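Participant: Sequence:
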Amino acid sequence: MRRLLSVVMLFLGAAAAHAQECQPTAERHAARILGRDSAGGLTPNEFPFVAGEQSLFQTFENGWTFALMSTENGWAVRVFENPQIGMAVDLTSLTPPHGGAPNPRDIEGWHFRNADNTAPNDGSVNAPQSLRAFIVSPGLVGTGGYKPSPDPGAPRLIEPGPDDGIGWLKVLDYGLAGASLVPGGRARMNYLKFDACIAWPRGDAERDRLLDADRLEFTAADHETFGSCGLDLEAFALDATYLPRRLGGDLDGDGAADAVAQVVRKADGKRGLALCRAGTWTSMIGFDDMPGDVAPSYLDQVEAWTWVAPDAPPPPSVGNATLPVADGAILLLERIEKELVAVYWRDEALAARRLYHIVEP
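With the first letter of the sequence shown counted as 1, position 158 gets the number 170 in this note's numbering; the numbers rise by one all the way through.
For the record, the hints were derived by calculation from the structure and aren't laboratory data.
Mixed in with the good hints, there may be bad ones.
[What the hints assert, rightly or not] Within a straight-line C-alpha distance of at most 30 angstroms, the following computed DSS-like cross-link-like pairs (lysine-lysine) qualify:
(1) LYS278 - LYS350
(2) LYS205 - LYS182
(3) LYS350 - LYS282
[Stated by the list, open to error] If you anchor each label on the Cβ, the simulated ranges turn out as follows:
(4) VAL371 - LEU223: 36 to 46 angstroms
(5) ARG219 - GLU33: 11 to 21 angstroms
(6) LEU223 - ALA268: 38 to 48 angstroms
(7) ALA38 - ALA191: 22 to 32 angstroms
(8) GLY242 - ARG48: 25 to 35 angstroms
(9) ALA324 - ASN74: 15 to 25 angstroms
(10) ALA279 - GLY173: 24 to 34 angstroms
(11) LEU223 - ALA290: 20 to 30 angstroms
(12) THR55 - ASP220: 51 to 61 angstroms
(13) TRP293 - ARG48: 46 to 56 angstroms
(14) GLY173 - GLY281: 24 to 34 angstroms
(15) PRO328 - PRO132: 44 to 54 angstroms
Note that the coordinates shown come from a computational prediction; the quantities given were computed from them, not determined experimentally.
Idealized CB from N, CA, C, for every residue including glycine.
Modelling step: build the complete structure from the supplied sequences, incorporating the hints.
Facilitator: Written as structure tokens, this is what we have:
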């Protein structure tokens with residue numbers, strides 16, 4: 013039991029290191045609890061808060077719902093598998109302890125007071141303080157949920173598994189009801205401003221795909237794809253200097269998948285792109301010539317690129333520029349905040365157009 017307690021505390025202690033950090037990665041999802049702007053809309057620019065008997069709910073893209081629910085002396089943190097709170101499983105229910113000391117998911121005014129309720133907590137009350145960490149268990153979705161055994165001799169802790177995530181809530185400010193601040197009483201919280209996040213592991217397939225997308229190094233499969241499409245791998249090397257190393261979609265609008273990769277000409281180090289259409293035809297972009305008003309040397313200066321699917325909204329880098337009419341997707345090549353070029357297919361031919369060029373001093 014002592015080893016199990018240590019494992020669980022180590023697991024939850026990781027939340028302290030990640031507090032204030034709530035960024036998704038290739039290995040984990042992350043969702044921050046948002047505040048509200050003056051119009052009542054959700055915004056990442058404000059911290060959330062509750063007051064009085066208010067409760068707070070926020071549903072994420074996957075349907076999970078974060079809940080901060082009003083209780084007699086404060087609020088309780090829960091994450092439900094769906095917005096139907098009364099019928100949904102609580103994914104934080106494995107968070108220890110289950111009996112004895114207060115659970116970190118329960119945030120109550122008396123946790124922050126001393127034993128006789130006459131001053132701030134001086135250590136005489138064994139309760140979590142400003143940083144609250146809790147387990148988020150995706151494995152409970154679709155089950156009857158976790159119910160601690162009524163047997164007093166049964167284990168009171170469940171060891172977190174590799175598929176479990178971590179949530180944290182940091183108390184930024186709070187208020188206590190004046191009437192509850194009497195000696196010997198139990199303080200009641202009536203205001204809570206906080207920052208909070210939940211994070212959980214991605215599935216293996218999604219994780220592997222995202223990790224692969226973060227690699228500049230081309231794989232054997234990449235070489236097979238472009239080599240079989242006609243790229244001369246004796247004269248050109250697959251070589252990336254910005255992410256992702258390759259993009260894909262339907263550039264020419266024929267319904268077949270196309271792929272484009274960053275390449276370098278071995279003879280002189282000239283950089284460009286190899287466009288593989290439908291796994292059959294290769295077009296070299298940025299070498300001896302370029303269509304439109306774009307010089308081949310531009311491909312040596314590109315710092316970022318984006319693939320814009322048909323009918324998709326333009327990315328922020330486009331600004332006030334207008335995307336060209338194209339038969340399929342559009343490839344945007346960018347010198348960040350300096351110049352933007354669109355490469356696209358139109359009337360059975362490759363085309364390119366400079367969307368803007370900010371003159372540098």
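Participant: Each hint: holds or not?
Facilitator: How the hints compare with the structure:
| no. | hint | in the structure |
| --- | --- | --- |
| 1 | LYS278 - LYS350 | holds (28 angstroms) |
| 2 | LYS205 - LYS182 | holds (9 angstroms) |
| 3 | LYS350 - LYS282 | holds (21 angstroms) |
| 4 | VAL371 - LEU223: 36 to 46 angstroms | holds (40 angstroms) |
| 5 | ARG219 - GLU33: 11 to 21 angstroms | holds (19 angstroms) |
| 6 | LEU223 - ALA268: 38 to 48 angstroms | violated (27 angstroms) |
| 7 | ALA38 - ALA191: 22 to 32 angstroms | violated (51 angstroms) |
| 8 | GLY242 - ARG48: 25 to 35 angstroms | violated (55 angstroms) |
| 9 | ALA324 - ASN74: 15 to 25 angstroms | holds (22 angstroms) |
| 10 | ALA279 - GLY173: 24 to 34 angstroms | violated (54 angstroms) |
| 11 | LEU223 - ALA290: 20 to 30 angstroms | holds (28 angstroms) |
| 12 | THR55 - ASP220: 51 to 61 angstroms | violated (34 angstroms) |
| 13 | TRP293 - ARG48: 46 to 56 angstroms | holds (53 angstroms) |
| 14 | GLY173 - GLY281: 24 to 34 angstroms | violated (50 angstroms) |
| 15 | PRO328 - PRO132: 44 to 54 angstroms | holds (46 angstroms) |
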